[in-house]
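Q: The primary structure of each chain is shown beneath.
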Amino acid sequence: MERYRASVMLCGGTGCIAGGSLKVKNALDEELKNKGLQNEINVVLTGCNGFCAQGPVMTVYPEDIFYEKVTVKDIPIIVEEHFIKGRPVERLMYKEPVKKQTIPLMRDIPFFSLQVLRALRNKGLIDPEKIEEYIARDGYQAAAKALTEMTPEQIIDEVKKSGLRGRGGAGFPTGLKWEFCSKVKGDQKYILCNGDEGDPGAFMDRSIMEADPHVVLEGMIIGAKAIGANKGYIYVRAEYPLAVHRLQLAIKQAKEYGLLGNDILGTGFNLDIEIYQGAGAFVCGEETALMRSIEGKRGMPIPRPPFPAQKGLWAKPTVLNNVETYANIPQIILNGGEWYRSLGTEKSTGTKVFALSGAINNIGLIEVPMGIPLRKIIYDIGGGIPKGRKFKAVQLGGPSGGCIPEHLLDTPVTYEDIVKTGAIVGSGGMVVMNDLNCMVSVAKFFLEFTAEESCGKCPPCRIGTTVMLDMLTNITEGRGRDGDIELLEDMSRDIIATSLCGLGQTAPNPVLTTIKYFRDEYESHIQEKWCKTGVCKELCTFYIDEEKCKACGACKRVCPQNAISGEKKVPHRINQQLCIQCRSCYEACKFDSVKIGPRSYREILAPDMPAQEILREMHTAVLAGKEE
Amino acid sequence: MPRLTVDDLKKIKEDYKASLTLREGGYRAKVTIHMGTCGIAAGARKVMEALLDEMTKNNVKDVIVTTSGCAGLCSKEPMATVEVINEAPVKYVYLNEDKIKRIFKEHVIGGKPVEDLALVVGSETAY
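Chains as they are written, first to last, in UniProt numbering: chain A, 1 to 628; chain B, 1 to 127.
Keep in mind that the hints were calculated from the coordinates and are not lab data. Note that this is a predicted model, so its numbers are computed, not measured. Check before you lean on any hint, since a few could be wrong.
Unchecked claim - Which chain A residues face chain B? A few, computed with CB under 8 Å, are given here:
hint, residue
1, Ala6
2, Glu40
3, Ile84
4, Arg87
5, Ala136
6, Tyr140
7, Gln141
8, Thr148
9, Tyr257
10, Gly258
11, Leu265
12, Glu295
Don't be surprised by glycine CBs; every beta carbon is placed ideally from N, CA and C.
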């Protein structure tokens with residue numbers, strides 16, 4: 001083996017690859033070769049590092065220097081300065097968003113230092129395409145222990161002791177699920193992994209599959225031994241090509257080493273794992289629909305009971321767990337259930353992976369102990385809201401979840417506490433919203449998603465979500481009527497109570513939570529025809545408060561319609577005939593002088609005559625052209 | 001590819017651990033080769049290569065080798081600083097391949113600073 005003095009861990013997650021990290025790697029390899037350093041510096045393409053918005057990112061060990069937004073042009077400088085002369089390049093280091101401080105070492109960056117890595121313990125540290133690197137980090141040791149030293153009952157006991165709950169969303173105790181299935185008699189059982197991650201704003205499972213595919217296989221091997229399965233499927237949506245590629249490679253390597261297949265590690269235990277590529281339908285993340293999909297049928301749910309533990313895939317006893325759940329299993333077996341529950345709360349143990357996105361400085365992937373307050377995630381790890389804007393809500397749990405407002409930001413992240421707010425922990429998508437977001441439109445966005453993704457099998461979901469979506473569309477376009485809010489609430493309750501599967505049962509949650517916490521926004525949309533954030537174009541009028549206007553011209557420069565007039569030192573005005581409510585001027589104004597009024601203001605504000613005349617003339621000209 | 005047994009698994013783990021230890025930040029000692037223009041001109045690169053060679057031969061896994069800029073004493077290059085965790089760093093001067101091998105054997109492995117090659121003790125702190 002080569003002896004390297006330094007390792008460059010370059011992120012090869014989907015985000016960084018999209019940002020050009022493969023080109024960076026080629027340039028780096030070439031430059032190192034040119035300088036004769038190829039045997040001294042080891043370049044490793046890792047899975048997702050987590051700090052996606054700063055990509056492509058790289059960490060240089062042993063110093064632990066973290067570089068962000070690295071381009072091909074930066075490579076000669078990094079090699080010359082850092083690798084030859086030992087002078088890390090400050091320009092490429094992380095800058096703290098608020099104080100603009102440069103933080104050279106990865107372990108000192110709050111985004112990283114406040115995390116506790118368990119499911120993501122190998123992220124950015126190993127080459128996901130080399131099984132040896134996984135093994136060097138205790139990989140497959142837990143599987144060896146489970147296969148050689150433990151009975152199925154002992155494995156299940158350890159998992160139960162850990163308190164691990166399904167990380168896919170519902171939070172069902174994993175050990176209990178395994179126990180049910182292990183007690184069902186049957187010579188053919190299946191172990192399945194759910195990698196069909198479909199929530200908007202979620203990419204936790206993709207990152208694990210890309211950064212550490214072997215941990216998924218190892219978790220499944222242990223689960224298979226516990227329930228007595230000898231065949232497994234990993235269900236991954238085809239939109240995740242890199243995850244599919246790395247899992248395929250991992251399965252191939254594990255088979256070659258005898259860690260999958262017949263007589264694993266000489267213990268007589270057999271397990272085959274295959275990847276099943278789904279077409280990317282949201283409903284196929286639901287367990288019964290996922291199983292139908294693997295059977296080659298249309299992905300539609302079926303009523304439970306019977307539960308999959310008794311009658312699952314091809315009517316055989318089946319256990320389905322989420323990617324992140326499996327990623328926790330090997331360490332529970334190696335370190336014990338007690339160790340696992342040393343973090344988190346009594347009922348929500350261990351850690352949870354979250355994908356931070358939206359209006360937040362540090363967009364990316366994080367893993368934190370359960371019970372951490374939302375505020376700490378958003379402000380300390382996430383670095384707060386960009387451009388000094390105000391926090392408004394955080395959407396948790398995707399289309400099945402809900403919006404949590406500012407006064408509940410101290411809620412600890414546990415399954416129980418989050419449910420009390422009306423949202424759910426879900427699979428861990430966290431979308432942060434600032435004061436520019438209209439909560440009615442947010443509800444509409446999620447309902448659009450669920451209405452489109454509904455499989456259509458049961459009427460409450462198929463028709464209910466469509467009717468609700470129509471109502472929300474009406475409200476956002478100025479056709480809302482009194483009583484709409486109450487009707488939305490009633491329908492939500494009915495859809496939740498009568499839908500067949502989790503998709504319909506949770507689809508109204510975004511509507512319910514936005515009504516609960518932002519009812520005044522619904523009311524002003526319906527009664528005053530006023531969207532105070534200026535998102536709903538039909539429900540707002542932009543105008544300039546002439547007393548506040550400093551005539552700086554910022555609004556005038558960004559207006560795509562040339563609708564703003566005004567010279568230096570003269571307060572500006574918006575021509576209502578030309579304004580298309582794009583909100584650019586509102587976002588550009590630094591003096592809070594662009595105001596958003598209700599729709600009726602348009603008639604009150606004196607229309608600028610010249611523009612009106614121009615429009616009339618244009619109209620006449622067009623008509624004249626047609627006549628000719 | 002041979003089918004693995006549990007013992008094979010442990011062996012692979014040991015073999016690959018070296019490259020990973022460095023990434024996890026766990027190490028017992030650190031050798032910094034000073035590579036300013038002066039250092040490189042005086043042959044610091046050869047000194048480092050000799051050290052890396054020696055480490056490979058001896059299968060040492062918990063020592064990191066790193067480079068830094070000019071240490072400020074250009075006339076005494078090539079220089080190196082050896083930092084054993086929890087002990088004062090030692091700076092060596094006028095190095096060549098044989099001297100660094102001796103330092104490696106006596107100080108890094110043996111734990112006893114090579115006094116006749118050392119310039120000063122305790123001028124930098126280990127992190």
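Q: Mind listing which of the numbered hints don't hold for this structure, in increasing order?
A: 12
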